[in-house]
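Position 79 (the sequence shown) corresponds to 127 in our numbering; numbering is contiguous.
Since the hints were made in silico from the structure, they are not lab data.
Some hints could be false.
[As the list claims (entries may be wrong)] Straight line, CA to CA, 20 Å or less: simulated DMTMM-like cross-link-like pairs of lysine to aspartate or glutamate:
{"no.": "1", "residue 1": "K125", "residue 2": "E93"}
{"no.": "2", "residue 1": "K125", "residue 2": "D83"}
{"no.": "3", "residue 1": "K101", "residue 2": "E332"}
{"no.": "4", "residue 1": "K171", "residue 2": "D279"}
{"no.": "5", "residue 1": "K125", "residue 2": "D144"}
{"no.": "6", "residue 1": "K101", "residue 2": "D146"}
{"no.": "7", "residue 1": "K125", "residue 2": "E108"}
{"no.": "8", "residue 1": "K101", "residue 2": "D72"}
{"no.": "9", "residue 1": "K101", "residue 2": "D258"}
{"no.": "10", "residue 1": "K101", "residue 2": "E76"}
{"no.": "11", "residue 1": "K171", "residue 2": "D268"}
{"no.": "12", "residue 1": "K101", "residue 2": "E306"}
{"no.": "13", "residue 1": "K125", "residue 2": "E163"}
{"no.": "14", "residue 1": "K101", "residue 2": "E342"}
{"no.": "15", "residue 1": "K125", "residue 2": "E142"}
{"no.": "16", "residue 1": "K125", "residue 2": "D146"}
{"no.": "17", "residue 1": "K101", "residue 2": "E124"}
[Unchecked claim] Quick list of the computed label-pair ranges, beta carbon to beta carbon:
{"no.": "18", "residue 1": "R263", "residue 2": "G174", "range": "21 to 31 Å"}
{"no.": "19", "residue 1": "H137", "residue 2": "A180", "range": "13 to 23 Å"}
{"no.": "20", "residue 1": "K171", "residue 2": "A71", "range": "37 to 47 Å"}
{"no.": "21", "residue 1": "R263", "residue 2": "A71", "range": "18 to 28 Å"}
{"no.": "22", "residue 1": "R190", "residue 2": "D258", "range": "24 to 34 Å"}
{"no.": "23", "residue 1": "R325", "residue 2": "Y123", "range": "20 to 30 Å"}
{"no.": "24", "residue 1": "D258", "residue 2": "P177", "range": "39 to 49 Å"}
{"no.": "25", "residue 1": "E332", "residue 2": "R230", "range": "36 to 46 Å"}
{"no.": "26", "residue 1": "V214", "residue 2": "S187", "range": "20 to 30 Å"}
{"no.": "27", "residue 1": "R289", "residue 2": "K125", "range": "25 to 35 Å"}
{"no.": "28", "residue 1": "R190", "residue 2": "E342", "range": "35 to 45 Å"}
Where a beta carbon is used, it is the ideal one built from N, C-alpha and C, also for glycine.
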Amino acid sequence: MRRGVLLAGLGAALALSPSIARADATYEMTLRTTDTLVGGTVELEQRIVVGVKGGRLRQEATGIRAVVTRRGARYEKPGHRLTLEQLDHGRRFEIDLDAATYDEETFADARQQRETQLAAAEKALGIAPREATPSLPVSVDRTGERLSVHGRECERVVLRSTREVVVVGGRGAPRTEPGPARFAMTFDLCLAPDVAPLAEAQALEARIADLTGARGAPQDRQLRVFARRRDVFAVFELMHRLLEREQDRLGGVALSWERVFSGPRRDEPQATLVRQRGEITRIESGPLDASAFELPLGLTRDPRSAGGEKP
Numbered sequence: 049m050r051r052g053v054l055l056a057g058l059g060a061a062l063a064l065s066p067s068i069a070r071a072d073a074t075y076e077m078t079l080r081t082t083d084t085l086v087g088g089t090v091e092l093e094q095r096i097v098v099g100v101k102g103g104r105l106r107q108e109a110t111g112i113r114a115v116v117t118r119r120g121a122r123y124e125k126p127g128h129r130l131t132l133e134q135l136d137h138g139r140r141f142e143i144d145l146d147a148a149t150y151d152e153e154t155f156a157d158a159r160q161q162r163e164t165q166l167a168a169a170e171k172a173l174g175i176a177p178r179e180a181t182p183s184l185p186v187s188v189d190r191t192g193e194r195l196s197v198h199g200r201e202c203e204r205v206v207l208r209s210t211r212e213v214v215v216v217g218g219r220g221a222p223r224t225e226p227g228p229a230r231f232a233m234t235f236d237l238c239l240a241p242d243v244a245p246l247a248e249a250q251a252l253e254a255r256i257a258d259l260t261g262a263r264g265a266p267q268d269r270q271l272r273v274f275a276r277r278r279d280v281f282a283v284f285e286l287m288h289r290l291l292e293r294e295q296d297r298l299g300g301v302a303l304s305w306e307r308v309f310s311g312p313r314r315d316e317p318q319a320t321l322v323r324q325r326g327e328i329t330r331i332e333s334g335p336l337d338a339s340a341f342e343l344p345l346g347l348t349r350d351p352r353s354a355g356g357e358k359p
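Please model the entire structure based on the sequences and the hints provided.
So, in structure tokens, the structure goes:
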């Protein structure tokens, strides 16, 4: 299971203003994702438990990743991964519990790596330093529907946006189209007022994102890179991140969500390319064991990362 998928779930759930994390907190979510951008179909089912203790964040994900080829063959692989982020030490551990291996990265190294990658992409794409940050028109439909998710009330809100762009061959684009292709993205959310345990996790995520260069000016630069690229994966990333920004402006927290990205696929003018459904199933406050936020014993360093190479 990829960290990007895990954090996508976390970002979908949390849309609160940063505050200072104080109390221990735990919440649990389920995610079901279907992705056809790669040609076949990738299905991912995850259960994610997130814990916060002081300046430390713990995310444990278990699930199954299935790949269905165009010929109908299906391959499944279970996964059990743990991510530990320690603000006090400025570092992150990515742990594969099945393989009993780990990778360690400092926040400073993550920020530098992101800067290097952005600079290379900007140079390759000819992006000027002062180029405007891309935007999308987003419609916000506050439906007025009141729902309940595991005993907590929330309001259904739907965000929609479209983008027309000429895509070229690459991931998810089997051929170059002669004219602009139309893509659409929808966030169907059930938003609740601020929930304290989730606010603790959001506050810590925001502070870590600042230290690793994942927010602010670097994030705007990443959006410009996605806007300049012409592959369907970049279209997805751009629309997804801009709709997340709009969700942030709404405030509150999503207790359940469905996010759908659609566009042309082979002979279909409009098909569902990515669909993710998720919900928060448990929220708790209370003391957590400090040892759960330390690197477990008996692990070995992932040989692929020992020399600086990232998996």
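Hints and how they fare:
A distance of roughly 11 Å separates the Cα atoms of K125 and E93; the hinted pair therefore holds under the 20 Å criterion. With a CA separation close to 16 Å, the supplied pair K125 and D83 stays within the 20 Å bound. For a cut-off of 20 Å, the pair hint linking K101 to E332 stands: about 13 Å separates their Cα positions. Under the criterion of a C-alpha separation no larger than 20 Å, the hint pairing K171 with D279 is consistent with the structure, at around 18 Å.
Between K125 and D144 the alpha-carbon distance is near 13 Å, which keeps this suggested pair within the 20 Å criterion. Restraint check for K101 and D146: the C-alpha separation of about 25 Å exceeds 20 Å, so the hint is violated. Taken as a hint, the K125 and E108 pair is honoured in the structure, with Cα atoms around 17 Å apart against an allowance of 20 Å. With a CA separation close to 5 Å, the supplied pair K101 and D72 stays within the 20 Å bound.
For a cut-off of 20 Å, the pair hint linking K101 to D258 stands: about 19 Å separates their Cα positions. Proposed proximity of K101 and E76 is supported: the alpha carbons are some 15 Å apart, at most 20 Å. Straight-line distance between C-alpha atoms of K171 and D268 comes to about 16 Å, which keeps the hinted pair within the 20 Å bound. Using a Cα cut-off of 20 Å, the hinted pair K101 and E306 is violated, with the two alpha carbons roughly 29 Å apart.
For the suggested pair K125 and E163, the alpha carbons sit about 33 Å apart, so the restraint of at most 20 Å is broken. The hinted pair formed by K101 and E342 meets the criterion: a straight-line CA distance of about 11 Å does not exceed 20 Å. Distance hint between K125 and E142 is fulfilled; the C-alpha atoms sit about 19 Å from each other, no more than 20 Å. As the CA atoms of K125 and D146 are separated by approximately 11 Å, the hinted pair is consistent with the 20 Å bound.
Between the alpha carbons of K101 and E124 the distance comes to roughly 34 Å, so the proposed pair goes past 20 Å and is violated. The beta-carbon spacing between R263 and G174, approximately 25 Å, falls within the hinted interval of 21 to 31 Å. The beta-carbon spacing between H137 and A180, approximately 38 Å, falls outside the hinted interval of 13 to 23 Å. Between K171 and A71, the C-beta spacing of about 45 Å keeps the proposed range 37 to 47 Å intact.
Take R263 and A71: their Cβ atoms lie about 23 Å apart, and the range 18 to 28 Å holds. Taking 24 to 34 Å as the suggested C-beta distance range, the pair R190 and D258 conforms, at roughly 31 Å. Taking 20 to 30 Å as the suggested C-beta distance range, the pair R325 and Y123 conforms, at roughly 22 Å. For D258 paired with P177, a C-beta distance near 21 Å fails the hint of 39 to 49 Å.
At roughly 44 Å, the beta carbons of E332 and R230 sit within the given window of 36 to 46 Å. Checked against the hint of 20 to 30 Å, the pair V214 and S187 passes, with Cβ atoms roughly 24 Å apart. Between R289 and K125 the CB atoms are about 28 Å apart, so this pair conforms to the stated range of 25 to 35 Å. Look at R190 against E342: about 44 Å separates their beta carbons, and that is inside 35 to 45 Å.
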